[in-house]
Amino acid sequence: MTPRLLLIWSLRDLKARWIQVITISLVIGLGIGTFASFNSMTEWRKASNTASFEVTRMYDLRVGLSDGSFVAEDQLTRIIGSIPSASAIEGVEERLTIPTQLRVEAVDAEGIEQTILVPGELIGMDFSDPDGISVNRVHLTEGRELGPSDAGQPKILLEHKFALAHNLPPEGEALLAGGRTVSYVGHVLAPEHFIVITEGGGFLAHASYVVMFSSLETVQDTAGRAGLVDEAIIRISDDASRQEVIAELEQALSTQLPLVGVDVTEDIDDPVYRSVTEDVEGDQQTTNIISFAIFIGAVFAAFNLTSRMVETQRREIGVAMALGVPPRQIALRPLIVGGQIAVTGVIFGLAVGWLLAQALKGVLNEFVPLPIWVSPFQYEIFIGVTIVGLLVLLVSIGYPVWRAVGVNPIDAIRTGHLAARGGGLAPLMTRVPAPGGTFAQLPFRNVARAPRRAFLTIMGIAAAVAVTVVLVGILDSYLETLRQGRDELLSTSEERLQIDLAIPVPLNSSVVEDIRSASTIETIEPGLRIFGALSAPNTDEEFDVILRFIDFNSEIWTPTAVRGSLDAGPLGVVLSEKAATDLDVDVGDAIVLTHPVREGLTSFSLKDSSLPILAIHPHYIRNTVYMDNSHLDLLNVPDVTNRITAVAVQGAAIIEVKEELFPVSGVVSVSTVAEEANLTEELLNQFISVMRLMQTVPLLLAILIAYNTANIAMDERRREHATMAAFGVPYRTVLRMAVIESTILGALATVVGSVLGLGLMLYITEVLLPRTTPDLGLVITFSVTSVLTLIALGVIAVGLAPLLTVRRLRRADIPSTLRVME
Amino acid sequence: MIELEGIAKRYEIGAITVTALEKVSLTINEGEFIVVLGPSGSGKTTLLNMIGALDTPTEGRVIVDGQEVTGASKGQLFAYRRSKVSFIFQSFNLFPGLTARENVQFGIDAAGKRNGDGPGAVDVLNDVGLGERVAHFPHELSGGEQQRVAIARALATGNPVVLADEPTGELDFTTGAQILELLRRQSESGKTILVVTHNREISRMADRVIELSSGNIVHDGPPSGGRASISDLRW
Numbered sequence: 097m098t099p100r101l102l103l104i105w106s107l108r109d110l111k112a113r114w115i116q117v118i119t120i121s122l123v124i125g126l127g128i129g130t131f132a133s134f135n136s137m138t139e140w141r142k143a144s145n146t147a148s149f150e151v152t153r154m155y156d157l158r159v160g161l162s163d164g165s166f167v168a169e170d171q172l173t174r175i176i177g178s179i180p181s182a183s184a185i186e187g188v189e190e191r192l193t194i195p196t197q198l199r200v201e202a203v204d205a206e207g208i209e210q211t212i213l214v215p216g217e218l219i220g221m222d223f224s225d226p227d228g229i230s231v232n233r234v235h236l237t238e239g240r241e242l243g244p245s246d247a248g249q250p251k252i253l254l255e256h257k258f259a260l261a262h263n264l265p266p267e268g269e270a271l272l273a274g275g276r277t278v279s280y281v282g283h284v285l286a287p288e289h290f291i292v293i294t295e296g297g298g299f300l301a302h303a304s305y306v307v308m309f310s311s312l313e314t315v316q317d318t319a320g321r322a323g324l325v326d327e328a329i330i331r332i333s334d335d336a337s338r339q340e341v342i343a344e345l346e347q348a349l350s351t352q353l354p355l356v357g358v359d360v361t362e363d364i365d366d367p368v369y370r371s372v373t374e375d376v377e378g379d380q381q382t383t384n385i386i387s388f389a390i391f392i393g394a395v396f397a398a399f400n401l402t403s404r405m406v407e408t409q410r411r412e413i414g415v416a417m418a419l420g421v422p423p424r425q426i427a428l429r430p431l432i433v434g435g436q437i438a439v440t441g442v443i444f445g446l447a448v449g450w451l452l453a454q455a456l457k458g459v460l461n462e463f464v465p466l467p468i469w470v471s472p473f474q475y476e477i478f479i480g481v482t483i484v485g486l487l488v489l490l491v492s493i494g495y496p497v498w499r500a501v502g503v504n505p506i507d508a509i510r511t512g513h514l515a516a517r518g519g520g521l522a523p524l525m526t527r528v529p530a531p532g533g534t535f536a537q538l539p540f541r542n543v544a545r546a547p548r549r550a551f552l553t554i555m556g557i558a559a560a561v562a563v564t565v566v567l568v569g570i571l572d573s574y575l576e577t578l579r580q581g582r583d584e585l586l587s588t589s590e591e592r593l594q595i596d597l598a599i600p601v602p603l604n605s606s607v608v609e610d611i612r613s614a615s616t617i618e619t620i621e622p623g624l625r626i627f628g629a630l631s632a633p634n635t636d637e638e639f640d641v642i643l644r645f646i647d648f649n650s651e652i653w654t655p656t657a658v659r660g661s662l663d664a665g666p667l668g669v670v671l672s673e674k675a676a677t678d679l680d681v682d683v684g685d686a687i688v689l690t691h692p693v694r695e696g697l698t699s700f701s702l703k704d705s706s707l708p709i710l711a712i713h714p715h716y717i718r719n720t721v722y723m724d725n726s727h728l729d730l731l732n733v734p735d736v737t738n739r740i741t742a743v744a745v746q747g748a749a750i751i752e753v754k755e756e757l758f759p760v761s762g763v764v765s766v767s768t769v770a771e772e773a774n775l776t777e778e779l780l781n782q783f784i785s786v787m788r789l790m791q792t793v794p795l796l797l798a799i800l801i802a803y804n805t806a807n808i809a810m811d812e813r814r815r816e817h818a819t820m821a822a823f824g825v826p827y828r829t830v831l832r833m834a835v836i837e838s839t840i841l842g843a844l845a846t847v848v849g850s851v852l853g854l855g856l857m858l859y860i861t862e863v864l865l866p867r868t869t870p871d872l873g874l875v876i877t878f879s880v881t882s883v884l885t886l887i888a889l890g891v892i893a894v895g896l897a898p899l900l901t902v903r904r905l906r907r908a909d910i911p912s913t914l915r916v917m918e
Numbered sequence: 244m245i246e247l248e249g250i251a252k253r254y255e256i257g258a259i260t261v262t263a264l265e266k267v268s269l270t271i272n273e274g275e276f277i278v279v280l281g282p283s284g285s286g287k288t289t290l291l292n293m294i295g296a297l298d299t300p301t302e303g304r305v306i307v308d309g310q311e312v313t314g315a316s317k318g319q320l321f322a323y324r325r326s327k328v329s330f331i332f333q334s335f336n337l338f339p340g341l342t343a344r345e346n347v348q349f350g351i352d353a354a355g356k357r358n359g360d361g362p363g364a365v366d367v368l369n370d371v372g373l374g375e376r377v378a379h380f381p382h383e384l385s386g387g388e389q390q391r392v393a394i395a396r397a398l399a400t401g402n403p404v405v406l407a408d409e410p411t412g413e414l415d416f417t418t419g420a421q422i423l424e425l426l427r428r429q430s431e432s433g434k435t436i437l438v439v440t441h442n443r444e445i446s447r448m449a450d451r452v453i454e455l456s457s458g459n460i461v462h463d464g465p466p467s468g469g470r471a472s473i474s475d476l477r478w
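Residue numbers (the numbering used here), protein chains in the order written: chain A, 97 to 918; chain B, 244 to 478.
Isolated chain B, as found in the complex (with noise of 0.2 Å):
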């Protein structure tokens, strides 16, 4: 479980000061598939951002399985990096260099996880859809390929926190379903997903929907109008 209390985060830029988050606060359960949803600077990223500790709030707290991250050296962040949470980036940030099944791999890596201790590289590129691309690089995959394989490389970590920053943006209509379809079956099987998305459309499939609006929490429940499936979406 995620606890954020009274988060804020400013930046000075000169001598202005830019609140990005303005004390918010929340609690996210395990297995909950939530959309952060909310215009260009309203914080969605800053959110995540706190979330997985790429970065440290101005004041508050983030709580994570009832230890306080906030305070926590630079080692154990990365840490909590390696064994929490998995992102997904929009422009994918896969290593060039890497084929598909090393990047995968590269997951597995970072989490210090040894073969056999989950599935395998190549078992979560079977499962995302990718098994006859596995010694692709990059290049050689379209933007929806790329972007499952920056899943199964998340997933292949095991951790229980998946961070997806706009995992869609890059993509068409057919294609961004796929993936968030993909993410969907994810939190089926009891993973914490969080997208980061300014696109309404896509919080209609999630179960929770927390809206930002100026560094502030505007709407934090399920969808207007409830649920909806994948195949009802259009965008």
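Same shape as in the complex, but just chain A (with noise of 0.2 Å):
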């Protein structure tokens, strides 16, 4: 036989079966797409972040001072360069920031003219260099830059995506807290902020918290900080050895600042640097996971499908074995068949992930904006993974055709009832009672006739229900973990306000008085939020929190207590649910706080202090600690707030309130607890969109799947179907029969896809995302929407997708059908 002749006999075997060969190729096409556009989508997100934090030039070290400590400028430069290993630094730059307010006139993008008051904060940096910044440049979007000519000047730089989503042009007039009045003059991204994260630990906060950045001497006058910085950034040589560096600063600002609260930290603890560049392994972990299952589940299928296509040629095998043909030039047609089968879904997988992968880059561009954007095509990812899929295929036309070859060529070529084979596990069907008549049990008899067939669709099938248990198992969890966190936040008063200080006052002071005298308020509560953290003396485990010093016996709103008690007498916390079981600790256990402790009018020591667990509250994040106000002595603080709860006046709005506090110096924000949850559902609303995109992959995975199958069930059962045409049973019940088997492939992979998919969920919900948000606590649970979506999924969409084959049943030719001798 020539090699024309086979190309040619092997074009028309394909044009033969050309939906089966195009569906088939579908199903490749979606699993090598899906596996290639996740994995190009890592590899994209990796050198986009190595290129943007280092056109950015991120710092590798920090040195912070305590909340409210401030240091003369120079002084931590000059105690940087004093350490062993000077050389080794290559920039270092001081720096200011403070918390405040904007307020802001906007026109939508409907032309909408509105005001827009928001928190945020202020960064005061050196750009007088002409070089630039050495260490955590602005990225220019819009407008223009600062300049030396800026320095004390009202001039300020709005980031990028709070302008973004307010529509502002780059340059403007704004007001800061207290009525001061700044220029905008351009439009940034910096990368501490390429997401923007608010004080309070808010994610993707970019609309609603405002990041600003001046110069040092504008920030210094706005806050009346003549002179002072409260933090130094660094950017040591690549060569140099971090710990040696941390360790030499630690004790060098022991030495020198002995009185002052100092925390060396590294890129690494910055809570941007880490979601940005953790995510990307935490995330691929979980989409090498998703897309791994729908290529698997795509490689049941085309082995599945293409197994079935050569068995049909039984009979040609068999007739060619009788003429002498080599079994080798045997398997060259089948397998050139293969050949142009994976070759077409090589082309649709490389369509699908360039579809996928332009409409994930689009969401990811929107979630995180950077300044530099890579995405070469990673010929690596997908020649590997058309190698996979090229083999599987080739496997998968192979192995039946090593069976067909295997038999006497009489076996192959008998036709009739001599061809009939074994009933698989249809006779144990016999001893199980089923109700029904023939009509009934035929469908079920089905499935047990061919139960290696029955095997690989199922697992076809239920590997795109795995994943979209996976999705949907996720997406549930997160929102019930937000449902019951935002029942937390607004059980008792959906309305209250919180009021944020620029730093801890006296609560005599005339800025708790101007608030509490506000015509828009009604009572207030003072309290106080400081940055610790916490540990235990059984764990390894130590994470920052939140302390939160409030009235336990407030009547406006307290934590709920799921054990133990808010009791204000005894010293003592209240953790969270998840922090509790992160330390291994309960009620009555101790703790260790590691705590700032007043030493100075500007500076703080940090302490750690052993305090037993009054309680425990339900939050979903684990860091945030409650204590009475009537232990503010701890922090050698005793009466004074910087976070005020209070209640406004019967028939205020909000708005009324940012507006009558906005001129108040030292607010520096105005909000209420459920505009901070809304903000989370804004944020879960764009999670959503992603989710349910990807579910769309084995969605269409399953219907593929489950279309080809009722097709080639069709194309074997003809005759069959034809003999109940003879014998007058209608099309409708001949399809219901066929609708029953499917719905019993798809049921079963319902179950065996719901078991995989749990696992696989518990697994990235337990292990997996604990890594990368070690703070939040999740909620694992499946609503009752998720399972109904399921069973749609998995038991209806499959089980009717014979109905697509309603046309060829009733074109069949029954008489012709009828006389074919297979």
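Check before you lean on any hint, since a few could be wrong.
As the list claims (entries may be wrong) - Per the computed footprint, the stretches of chain B lying under chain A, defined by three or more beta-carbons under 8 Å from a beta-carbon of chain A, are:
#, region
1, 294–305
2, 312–324
3, 327–338
Worth flagging that the hints you see were computed from the coordinates, not collected in a lab.
All residues carry an ideal CB built from backbone N, CA and C; glycine is no exception.
Quick one: dock chain against chain with the hints and give me the complex.
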């Protein structure tokens, strides 16, 4: 046989089954495309992150003073320059960051004018160096950058995503808290704010929390802290030992600033840097699982479908054997068909991969816009997955061919009853008492007749179901976690206000009095919010916390005690359930709280206190720790406040309260607790859109597998269907049987897929997610809607797939089919 | 009674028109054992398909019990096949996932009969001599046994007309003779039996032989030389 004839013959084979060929190719394409695009995305993110952090010269080390502490300008630079490894220091920048508010007039996309009034922070940096900032540069996206002539001037730069969210022009006027007018002259991206996180931990808060940059002098002047800074950021050479430099810095700082709490941290400790870089690793593991499951599902399906295609050539293979054609030559034709399907599948895979990658890239770029986004085509990934796809197809073609050439030619050539094969597991089914006549029994028997085939079909669909379980399970768990968190925060006083002050102030200070006497404020309850860390004697776990001093006897709001009780009397803390679990402690146990202790007017040191746990609260974020106001002396700051809980007078709108308190010097944020919860929900809506996009892949895969299975089954059963038609069995009855058979497969696949999916989901939520989001105490949940979605996907969509073949059934040539001798 | 009036069937294959049946007219009476004889391509299966309403004629009419089948809707044709005719195929066409009893039960279910309306599946299998093989699947039965199951399935419908297309085509002489004997008995009990075959020897046992050649009836009458008994047949 000439190669040309082989090729023409194989092309005719393809043409004869073009629908099945296209469907198998699509299944392979989905598997290859999903795997390749998800993995390409990981590579693009890694490359883009590295490039973006490099171009903005993200710091390596940060020397931060404890809350409320300041030192004179250049003091930190001198200390840093005094360490033995000073030659490894490539750059040092001193900064002062202050909390504030911004009031700006904006015109939204629909042309409606509105006043934006949001909390935020103003970062003072040295823009005077003509070579630019040596550490943590800003990347200009609109307008102009600040220069030496802007030192001390009321000129600021706005964070890019905030400006974008509110459709702000590159230049304009705005007001800072206290009523100071500033001009914004440009929009910028900054490495610590590629994702905007609020001081309170609000994630992706770019629309409701503004980050601003100005000259160090301007910020010092605005804060009334002339000549003071509160941090220094450092870049060191690549070959320097970080740990050595950190140790030397800690030594130098403790010696030269003995009364000031100082923390030396690395870039990886920065929540944004960690989130952006570690998320890639965490996401990669999750997407690897999802894309691998989809790929495996496609492999099972492709194996099943191509095997069945080859089996239809059983007689032709037998005839070739009878004519003495060598097995290797016999195998060529089906292998060429397999190769052609594989090539079509790879082409589809490239298309699917490209489309998915574009969609994912778009979503990701919206989430985290980076100064540099690189997305080179990932040849290695595509080639790797393509080779695997080709091999799988060749094996799936080769295996049935090998089986076919392994029998005696006569066994393959035989027709009619002599070709009848065993009934698989069907004989076992006769022992199962089942109701209904033969029409009801046939679908079950058909499934049992070919157990290997049924297994492959079930596993293909099960993989799609498993991916769906993972996706909807994660989504449900997030939603339930947020719902419980929202219920906890909004349980008793949904409209209560949280007013943040720039610095802790005495309760009798003018700012507190101004708030108390505001016409829109009904009552206030002062409290204190300060940063600390939590650890326990029995574990190595240690994490940062926000320590909140509140009134445990408050009539406005207190956290719920799920265990223990909120007792204002004894000294102790109230922890979240997640924190208690991570530290392996419970009510009555002792934890170690690292907290600031006031040493002087502008200096705090850090101290470890062993405190008993009074109660456990249910909020999902582990790092909120509550103590009663009566124990403020622990910090050596009795009767001070920096966060006031308030209730507005009846009928006063939140914007009225904001407007009234905006001019009050020292107020940096006014918001309702509901606003914070809504912020999280906005974030979740974006997350949901990504999940929905990802959910379409397994849905499509399941439908394709089910459709092709139904299509091939229709082909294989055409004689049975013709016999039924000859006996006057209506098409609807035949279709009903096909639907029941498909539903059985779908139901079994749903059960298998659900079990696999639950296992994968638990692995992702219990093992992978805690590595990247350790602060989140996810409540693992599966909603009724999700269960119904799965049933709809696995049972109904798969079950109804045979309906798509109704046209073929109706157009079948019954007399010819009955005469066919196979 | 089945009447065929000027039935013709032509197929268009590209530019060529192939005539399978050329204006065939005949009447089939109740209880007749008819053998439709002819070489391959003579139109005998096409004739059987017209009577069984599996195919529609290009022209002419098929009238069964005074009602015209030719112009009936698809639903009516299905109903006709459920209530009037039953098929026996050369390669049996049993359902491999069902046992012998269940395959016969399928015939009862397809005809829309309730259990107790007529003989049950096991009774019919007993009648065809397969009482011991009711729980066997088709692949566990010999060719002759499978064909007997197929006959039992056709009989179990209770339909008055049985159409058998080369029912002995895949069987050896002894088994084939047994099958013919079985069909012969059915006609004696009142059923109309039409057997399509190319085997002239088989036609010797018929009440009536309709011989076709190139789509035309060339002979319609008793077998030449008179009806022979099964034991006289040889092939």
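We went through each hint and held it up to the structure:
Counting residues of the region 294–305 of chain B whose CB lies closer than 8 Å to any CB of chain A gives 3, so the stated coverage by that chain holds, three being the minimum. With 5 residues carrying a beta carbon less than 8 Å from a beta carbon of chain A, the region 312–324 of chain B meets the three-residue requirement, and the given coverage holds. Counting residues of the region 327–338 of chain B whose C-beta lies closer than 8 Å to any C-beta of chain A gives 9; at least three are required, and the coverage claim holds.
Consistency with the previously given hints is maintained throughout, with no hint failing.
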